[in-house]
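**Q** Single-letter residue listing:
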Amino acid sequence: MNDAALDEFEAAHAEPGEVGVVVPQDYVSDEPFTFDCGRTIPGFTIRYETYGRLNATGTNAILVCHALSGDHHCAGIHHLTDRKVGWWNNIIGPGKALDTNHYFVACANVIGGCQGSTGPLSTDPETGRPYGINFPIVTINDMVRAQERWLRALGVTQLHAAMGGSMGGMQVLQFGITFPGFVKRMIAMATTARESAQAIAFNEVGRQAILQDPDWADGNYATGGGPKVGLAIARMMAHITYLSDASMARKFGRRTVAERPRSGAAAATVPTAGATDTESHAFDAQFEVESYLRYQGKSFINRFDANSYLYITRALDQFDLAAGSDSLEAAFAPLEARSLVVGFTSDWLFTPEQNRAIAMALLRAGKNASYAELTTDLGHDSFLLESPQLYDLVRDFLTS
Amino acid sequence: MSLRSHKRTVDLQVITDWVTTSSRVLDLGCGRGVLLQELAQQKRTRGIGVDLEVDKISACVKRGLSAYQGDMMAFMESFDDGHFDHVICSRTLEEVDEPARVIAEALRVGRSFTIGFANHGFWKNRLDALFLGRKPRNDVYQTSWGESRPANPLTIADFEDFCRNHGYRITKRVHLRGDWKTPNRLFPNLCAGYALYELTH
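Listed in order, the protein sequences are those of chains A and B. Residue numbering for the first sequence follows this note's numbering, beginning at 989 and increasing consecutively. Residue numbering for the second sequence follows this note's numbering, beginning at 246 and increasing consecutively.
Heads up, some of the hints might be wrong.
If you want the footprint, here are the derived chain B segments under chain A, 3+ residues with CB under 8 Å [as the list claims (entries may be wrong)]:
1) 274-284
2) 432-442
With a straight-line Cα cutoff of 30 Å, these simulated BS3-like cross-link-like pairs (lysine-lysine) come out [unchecked claim]:
3) B:K426 with B:K380
4) B:K369 with B:K417
5) B:K301 with B:K288
6) B:K380 with B:K288
7) A:K1216 with A:K1286
8) A:K1172 with B:K380
9) B:K417 with B:K288
10) A:K1172 with B:K301
11) A:K1172 with B:K307
Since the hints were derived computationally from the structure, they do not count as laboratory data. Since the structure is predicted, the reported quantities are computational estimates derived from the model, not experimental observations. We treat Cβ as the ideally placed atom computed from N, Cα and C, and that holds for glycine.
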């Protein structure tokens, strides 16, 4: 919260433990920014949110890093009628694991993103048109360097912790290496030190779905248009990799759309792609899981830019912390932060083995590091879901 | 102080005395990190704990220690020879698969290997088995069969034979009586309730 008027509201109305209504803000840097690829842009904007208050010495900040399709909105609501809370609302707030009574929690949309930070949708000052695929190639390190500039501008002198899952975890690890003196603790979960061939393969199928959509138009589609079918398919496929067989079996089983109760809000919010008794088609959504994926794909195109998806998945694929070093352990050598790495047993995208490898390399490098493996059957997305065990672990690590 | 925590204290103190200052320590089956914290405080060690349970790791994290949740063999295999000054295995070896492999690996990654175990040859255990015809249940073995973890108990005689056969040098040894406090020198395999050893190649 950064606004006195909102503070008054919070005191009067917000539920205990909630950060309440938050207002996204923009940080604008007028300094040129040079990407790892060598190209320079004259400046950039980072959209962010913060919760809690920064202390006088600027040392109580926790940076939250978002995953591929995430954004800066990780806690609270945007307006009173907003039913959707931030993506990590269950861990951030007064009295929660990331206790906003003590910590200043900050989360920014990454550079290359499409939710207000500078990315392919932004206007290229040289042409007056959106960058499109003329935007420089983005790396995880670029995301981190842009965030460091923004955090310094906020008055943060040292991060109490950097924390994130999946792509957020990659940023956390990169942050510790690129800015060793700046980060005191790192919490990386459901992540990897280098994208695996399988993960690259999934990303490639998603990219091809976008690139092969005629509406992609070589990346020069009009704002509001673009390869919607391709992007929805990319999202549907990616979404499968975030879940697990067990969680899908529990959530949907082989239930068909026809078995779903006719009335109720749920039926109204999940489009069934025209599967009605009167005009049914063999390839209409027949199973609940199909209907769910179609819904996920459809809602994604309303909030995500296809070119951003291409850029960010490329950043993921190129991520390899050990590249340029003899080993991962050598890459971690400059690190000063204490680390907590968390893997989830049912995560088949960034497997426990990949998370374990990070912790092992940290320990071989002589760093203070811990590895915990939580038993879940919810797949890669486990880090986002309610888990008292995870909250305790994080809370203990932050206060130790 | 309960008997259990009292026993823990003597055990801790003996091991702490053996560990050299500022050394690198690996604690296999570290539990809640009590020993590692003691070592860090008294001997300024750089320690890592390994345990299978997330709650134990969580407790270690709370103490500010390095802790790794997972299999001890897989863990050790990714370290170079002699990476650690001390590898410690206190009351864990009875529960591992293939203890001979664990000891060999511990002596590869560590310059010394410290082990503490309850002596299954302790006279009370023998009497329990002989007269009651049951799994021993006494000060040393406090749980009934149904609540016990899979164990592969060993005796002082077993362990010393093992070391002799494998050419491991016993550099330190302490045998404690049934109270787990008083040193025991006579017929240790019969009279000692608890044994502590330090091995090197």
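**Q** For every hint, state whether the structure bears it out.
**A** How the hints compare with the structure:
{"no.": "1", "hint": "274-284", "in the structure": "violated (count 0)"}
{"no.": "2", "hint": "432-442", "in the structure": "violated (count 0)"}
{"no.": "3", "hint": "B:K426 with B:K380", "in the structure": "holds, 24 Å"}
{"no.": "4", "hint": "B:K369 with B:K417", "in the structure": "holds, 25 Å"}
{"no.": "5", "hint": "B:K301 with B:K288", "in the structure": "holds, 22 Å"}
{"no.": "6", "hint": "B:K380 with B:K288", "in the structure": "violated, 39 Å"}
{"no.": "7", "hint": "A:K1216 with A:K1286", "in the structure": "holds, 8 Å"}
{"no.": "8", "hint": "A:K1172 with B:K380", "in the structure": "violated, 51 Å"}
{"no.": "9", "hint": "B:K417 with B:K288", "in the structure": "holds, 18 Å"}
{"no.": "10", "hint": "A:K1172 with B:K301", "in the structure": "holds, 23 Å"}
{"no.": "11", "hint": "A:K1172 with B:K307", "in the structure": "holds, 16 Å"}
Hints 1, 2, 6 and 8, counting from the list given before, are not met by this structure.
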